[in-house]
Amino acid sequence: MAVATIIFVPLDVWAEDDKQWNELKVWKESTDNKIPVLIIRDAKVSETQVDIVEDAINSKEKNSGRTLFLGWNEGIKEISESYGVNVPTLEIQHKLDRTEAITIFLRDKPSQNNFNGYTNLFYDKNGKIQRALVTIYNTDDLNKSELESIIRHEIGHALGLGHTNVENDLMQPKINMNYNAISLFDLQALALIY
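Oh and the sequence shown: position 122 is 122 in UniProt numbering, straight run, nothing missing.
It cannot be assumed that every hint is accurate.
FRET-style restraints, in silico, Cβ to Cβ [stated by the list, open to error]: (1) N176 / T31: 36 to 42 Å; (2) L96 / V166: 22 to 28 Å; (3) F115 / I193: 23 to 29 Å; (4) K128 / D51: 29 to 35 Å; (5) S82 / S145: 38 to 44 Å; (6) D32 / S145: 31 to 37 Å; (7) E23 / K77: 23 to 29 Å; (8) S145 / N86: 29 to 35 Å; (9) E91 / E61: 31 to 37 Å.
No wet-lab data here; the hints were simulated from the structure. Because the structure is a prediction, the values reported are computed rather than measured. Glycine residues also receive a C-beta, built at the ideal position from the N, C-alpha and C atoms.
Use the sequences and the hints to build the structure in full.
Written out as structure tokens, the structure reads:
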């Protein structure tokens, strides 16, 4: 039987250096503590790419060594339980029944600004995230590892994380394809704002 040990840094100790993040935002509260996610694609984008995006949300797999998560929901559940917070999980849907959602658009065209991915956040009157639009460009030109890195990073923004100045982290301003997993550092930031 395998035993995993996770060591969490208390939030008050971790949060002392607030210069590690350029921005942290919280989602508008929902009754079910879930954020609906709709994935749409251009006709030329393959279904395989949609599967990769779904895995970035729902994978239960962890990287060996440091505790790194490959799916946002698994990390969110673990950090919520460990810190006694209610970070909303992501729920993939095939049609949306409310506007408070994350829409992921997989494009077959390039960005005019030469971005691989971009996230637009929309806020309610209280400054809480109400919806997010994540756009991934040239999706079919990206290999599996590139798409995983970009979509995990952009979902981080959609959840409320800004960029960090911490080296070798998923949420650095420029994505490093060698550091494409969700870290405890990223998850602790979510725990801090929820």
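(request) Please test the hint of 29 to 35 Å on the beta carbon pair from S145 and N86. (result) At roughly 32 Å between Cβ atoms, N86 and S145 fall inside 29 to 35 Å, so the hint holds.
(request) Starting from the hint 36 to 42 Å, judge whether the C-beta atoms of N176 and T31 obey it. (result) holds, 38 Å
(request) Starting from the hint 23 to 29 Å, judge whether the C-beta atoms of F115 and I193 obey it. (result) holds, 25 Å
(request) Could you see if the CB distance from K128 to D51 stays within 29 to 35 Å? (result) holds, 31 Å
(message) Between the beta carbons of D32 and S145, is the distance compatible with 31 to 37 Å?
(response) holds, 33 Å
(request) Given the range 38 to 44 Å, decide if the beta-carbon distance of S82 to S145 lies inside it. (result) violated, 28 Å
(message) 22 to 28 Å was suggested as the range; check whether the CB atoms of L96 and V166 agree with it.
(response) The hinted range 22 to 28 Å is violated for L96 and V166, with Cβ atoms some 34 Å apart.
(request) Go ahead and decide if the range 31 to 37 Å is satisfied by the Cβ distance of E91 to E61. (result) Once the Cβ atoms are compared, 19 Å apart, the range 31 to 37 Å for E61 and E91 is violated.
(request) Could you see if the CB distance from E23 to K77 stays within 23 to 29 Å? (result) At 24 Å between Cβs, range holds.
Violated hints, listed in ascending order, are 2, 5 and 9; each of the other numbered hints is respected by the structure.
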